[in-house]
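Chemist: Chains as they are written, first to last, in my numbering: chain Y, 40 to 190; chain U, 40 to 190.
Don't read these hints as lab results, they were simulated from the structure. Treat the hints loosely; a few may be bogus.
Just so you know, same-sequence chains aren't split out, so a pair can sit in one copy or run between any two.
[What the hints assert, rightly or not] With a cut-off of at most 16 Å between alpha-carbon atoms, the simulated EDC-like pairs for lysine to aspartate or glutamate come out as follows:
(1) Lys149 with Asp122
(2) Lys71 with Asp122
(3) Lys188 with Asp110
(4) Lys60 with Asp142
(5) Lys162 with Asp142
(6) Lys60 with Glu181
(7) Lys188 with Asp178
(8) Lys120 with Asp142
(9) Lys120 with Asp108
(10) Lys60 with Asp82
(11) Lys60 with Glu87
(12) Lys120 with Asp74
(13) Lys71 with Asp178
(14) Lys175 with Asp82
(15) Lys120 with Asp178
(16) Lys175 with Glu156
(17) Lys60 with Asp93
There are 2 protein chains.
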Amino acid sequence: MNSATDEFNPRLWVWGTNASKPRLLHSMVRVKDFDAAIRFYVDGLGMEMLGRFDITTRRSTGVFLGFGDYDAGGVLELAHKWDHEGPYTHGTGYGHIAIGVPDMTATMAKLESMGTEITVRPKALIPGGPAVAFVKDPDGYEIELIQTKRS
Amino acid sequence: MNSATDEFNPRLWVWGTNASKPRLLHSMVRVKDFDAAIRFYVDGLGMEMLGRFDITTRRSTGVFLGFGDYDAGGVLELAHKWDHEGPYTHGTGYGHIAIGVPDMTATMAKLESMGTEITVRPKALIPGGPAVAFVKDPDGYEIELIQTKRS
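Same shape as in the complex, but just chain Y (with noise of 0.2 Å):
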């Protein structure tokens, strides 16, 4: 493969460097103001910061989220472009990221006292199903939220 490098650095194989099946690594949304969204997803979903890399010669930041390590379960990256100016665009194709939740109760209270815009309260969607809830990221990327504890 011509896309050998010369150097290793282990820092940039985060997801391992030996698997041997395929794995969906991360969905990635672009940000416009850093710390809100990490205060919304950190402190208000509880999710944990995996790793930040500054590439300063694209002048683009990129963290990594999850609730365990990289590869326990899914991972969001947020990506910031240091000098994009105004809001990104939402087109009609991208839906939501879901997150389970095991008290929903809980989790709402905690995005309602943060200022989280709410479009969908909790309810089943389909009877003899989870509370299912929508809510906007800062950047009005929908995330639904699931119920994962039977209440």
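With chain Y held as given, fit chain U onto it using these hints.
Modeler: For chain U alone, kept in the frame of chain Y given last:
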């Protein structure tokens, strides 16, 4: 909670009913040609169909794809509105989903044989990092492929 339902449907609690901590469950994108999308993700990238939900009252179908079970790594939801006409639009905000592949050469060969649009051929974006490529799925969503096995 006012979201309680009379009837419990275990099929609708695919992520479990007793999670003790939150989890990133899936990312959802809307697709126009369901069959083409499934060919790309299942035949092209080797994802497995974890579940399919036809919601007749909303005239929509959701399909969940992953490389393991619902709780083993990230999951992608493809949503298909039966009556939707024309392509979905892509804003400037949503970026991509990233899939880790052990064998970049084999994956690229497979995708090329299927006529997949390749936007960035495999190369190490950062010296010492893994080979990275970008392709487009049939709906034009960017898919980042990241090599997860050192060649």
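Chemist: Enumerate the violated hints, using their earlier numbering and listing them in ascending order.
Modeler: 1, 6, 7, 8, 9, 17
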